[in-house]
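Undergrad: Here are the chains, one letter per residue:
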Amino acid sequence: MNRTNGHNNEAILSLANNLRWEIGENFHDKLMESIYANATTIAHKSVTTPIEKPTFSFDRALDRIVTSPVLGFPMMFLILAVIFWLTIEGANVPSAMLASLLIDTFHPILKDFSFTIGLPWWLGGVLIDGAYLAGAWVISVMLPPMAIFFPLFTLLEDFGYLPRVAFNMDNLYRKAGAHGKQALTMAMGFGCNAAGVVAARVIDSPRERIIAIITNNFSLCNGRWPTQILIATIFIGGAVPAHLAGLVSAGAVVGIAVLGIVFSLVVSWALSRTVLKGEASAFSLELPPYRPPRVLRTLYTSLIDRTLIVLWRAVIFAIPAGIVIWLVSNITVGGESVAEIFINWVDPVTLIIGLNGVIILAYIIAIPANEIVIPTILMLTVLVTSITGVGSGDGVMFELDSVTATEDILMAGGWTLLTGINLMLFSLLHNPCSTTIYTIYRETKSVKWTVVSTLLPVVMGIAVCFFVTQIWRLVVGN
Amino acid sequence: MIDVNKCTTCPVHNVGNLKKLGINMKNYDYVVALAGNPNTGKSTVFNNLTGLKQHTGNWPGKTVTRAEGGFEYNSSKFKLVDLPGTYSLLSTSTDEQVARDFILFGQPDVTVVVVDSTRLERNLNLVLQVLEITDRAVLCLNLMDEAKRNNIKIDERQLTKDLGIPVIPTEARQSVGMQDLINAIFEVASGKFVCKPYRINSKSIELSYAIDKLSQEVKQAFPDIPNATWVALRLLEGDQSIIEAVGTGELGNIKQVNTSLEEIKLKVESI
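Chains E and Y, in that order, are what the protein sequence lines are.
Numbered according to the numbering used here, the first sequence spans residues 1 to 478.
Numbered according to the numbering used here, the second sequence spans residues 1001 to 1271.
Hints in this document: simulated from the structure, not taken from any laboratory.
A few of these clues could be false.
[Unchecked claim] Derived BS3-like pairs: lysine-lysine, alpha-carbon spacing no greater than 27 Å straight-line:
no.	chain 1	residue 1	chain 2	residue 2
1	Y	1196	Y	1219
2	Y	1148	E	45
3	E	45	Y	1161
4	E	445	E	277
5	Y	1153	E	45
6	Y	1196	E	30
7	E	277	E	30
8	Y	1192	Y	1077
9	Y	1161	Y	1196
10	Y	1192	Y	1161
11	Y	1192	Y	1219
12	E	30	Y	1219
13	Y	1213	E	30
14	Y	1020	Y	1192
15	E	45	E	30
16	E	45	Y	1077
Let's have the full structure, built from the sequences with the hints guiding it.
TA: See the structure below:
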């Protein structure tokens, strides 16, 4: 393209400058006006719309309910609660079946096999008690809830409910000084925070986009749902009569999810008033028509794209974590295992915030993936309280036959209702997983904002747990 | 009156043998871009043509990055690029920029604009903007089932005449009209159908004068680009990236910019 020369190009640019002056400031508006006028002319020539509007529109009637100022939020909570309730109630039986198959049946077989072929005890320990059990645990605990939760959530998405959630929320976000579309990225974060962070690209202004990215972690992601569901079932559900347990624990999970939304609003508000000052920008949100969900396709894509991919990721991360757990429990210094030394060392500090050393160590081991926090906690609890009769040795991850058995172990480990509540809070408010942290860096290209997004939730989690614990101890006693 | 249903079941009609290639799109002959307003079913059309299972969802803004796939038809290989949904190509958000840069710099052989048939008038704003950038486009009148449900009738032959590009009614969710769409893409890509795209005529006299004058200059300096009017519009708007491209003369080499754009691609599904 050597036909063009610098002089010519400069001439074009200066001509453009002059013409821009001649047209005046409202070039953009004039142009858009012309485009709209042209579009109208063309459309009117070929589109025939019915003269009388249909007397009843299903879409409008439904929208009037789900986006109503009065009923909108209660409807939202109700729909979420129903989904969690179905997940909690439906996952119990298949979870127990998977566990008995993978852990009670296959694990001893593998163990026997390793003795038969004469594997050294430590290698058998690392591979079978560490890696295999971690993977098996994650599959049995995560697969059933995900296989129920994701299709339900995807059906809701396919039907067109998510934009209505955003519609209900956008005003709140705008009042918090953030972009209304942050409501959409928040909804996306309920699936996966990394996806939510990427989705923040729909926000034009860099200021509001950073806010959306930092606060996305307050949306409970699918890695944290199982933790929430299990702890809620044990401690919150355990505190009420049995026939109400399912409902109440579903309610508790909804409560934590809503608390997350509240935190994202509060933090957005604080950020937009301090380091990320500015006006909220306007935008238009289109409410798409409701579409009948394609059930079979949704089942297929949500099982393949979401459930199996998330599960695979969890297993990949669980296997090395299982090895680490086995190692820290079996490597001893002066008669005590590394795990016990660490737990005893941090215990006094963590009790102030209503957690314990086990939880902290589990979170450190589980930084790559939130999914394996619960198995790690159980295993470490058994280790330090030296309960006999469960599990099969130090550093062995195990599945318990029932939620009651899990509860017994945690109670023996000194857990109370307060510990359960704090664990739920800390699971909501802690650093994002490694994938999300990396995604935040890729999207913002800024070390500063990545560090802020990573540390801010941890600091908040510690603060919240501290206050809850102190108030609890004042009110309830120890 | 021709019975369309009989045509689609006739073996002659399907002679082209669509082959869905998934992500296998080496040695493609044509690049096809899928553009459109948010939530008009671009990803559904994309899945339909490529056989891929790109996640679809009923909400605007689901696709924020480009997805790519391929299909083969009449022994030509097509690379299909699913762009983020945009209402316009005139603003500055990242998702819109991905779409605009690809249509402008990626120079797809065919740009398929997927529109919501129930909201044609509003969707046409984007169509007209796309037609300023590229000569070769196909209009996919998607969600025709919903239009029918709402008693909206669209005269697609009139629309073809007015816009100067093939107009294909489809119901992508039910895979209706896909064969016609593929055929139209093929005809435009191979030059069998020559588009005479509608160009925006401005109501404002000083505006149309400025656009004419500037686009003539641009055409003279860069005779090879198909979208001098669009460049003129962007220059008048003060778009820094276009001003730079003109200033350095790089606008003439826009094909090369395409390679650097590949880096925009992000794999969300691997998370």
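Undergrad: Run the distance test for residue 45 of chain E versus residue 30 of chain E: straight-line Cα separation, threshold 27 Å.
TA: OK: residue 45 of chain E and residue 30 of chain E at ~23 Å, within 27 Å.
Undergrad: Holds or violated: residue 45 of chain E with residue 1077 of chain Y, Cα cutoff 27 Å?
TA: With Cα atoms ~36 Å apart, residue 45 of chain E and residue 1077 of chain Y exceed 27 Å; violated.
Undergrad: Holds or violated: are the alpha carbons of residue 1192 of chain Y and residue 1161 of chain Y at most 27 Å from each other?
TA: holds (17 Å)
Undergrad: With the threshold set at 27 Å, check whether the alpha-carbon distance from residue 45 of chain E to residue 1161 of chain Y stays at or below it.
TA: holds (11 Å)
Undergrad: When you check the alpha-carbon spacing of residue 1192 of chain Y and residue 1077 of chain Y, does it fall within 27 Å?
TA: Holds - the C-alpha atoms of residue 1077 of chain Y and residue 1192 of chain Y are around 16 Å apart, at most 27 Å.
Undergrad: Does the structure keep residue 1020 of chain Y and residue 1192 of chain Y at a Cα separation of 27 Å or less?
TA: holds (23 Å)
Undergrad: For residue 1196 of chain Y and residue 1219 of chain Y, compute the direct alpha-carbon distance and say whether it is at most 27 Å.
TA: holds (18 Å)
Undergrad: Would you check the hint for residue 1196 of chain Y and residue 30 of chain E, treating anything up to 27 Å between C-alpha atoms as holding?
TA: With Cα atoms ~25 Å apart, residue 1196 of chain Y and residue 30 of chain E stay inside 27 Å; holds.
Undergrad: Would you check the hint for residue 277 of chain E and residue 30 of chain E, treating anything up to 27 Å between C-alpha atoms as holding?
TA: Outside the cut-off at roughly 32 Å; violated.
Undergrad: When you check the alpha-carbon spacing of residue 30 of chain E and residue 1219 of chain Y, does it fall within 27 Å?
TA: Distance of about 23 Å is within 27 Å: holds.
Undergrad: Please verify whether residue 445 of chain E and residue 277 of chain E have alpha carbons no more than 27 Å apart.
TA: Given pair residue 445 of chain E, residue 277 of chain E holds - Cα atoms ~20 Å apart, limit 27 Å.
Undergrad: Take a quick look at whether residue 1213 of chain Y and residue 30 of chain E sit within 27 Å of each other, Cα to Cα.
TA: holds (17 Å)
Checked against the numbered hints given earlier, the structure breaks hints 7 and 16 and satisfies all the rest.
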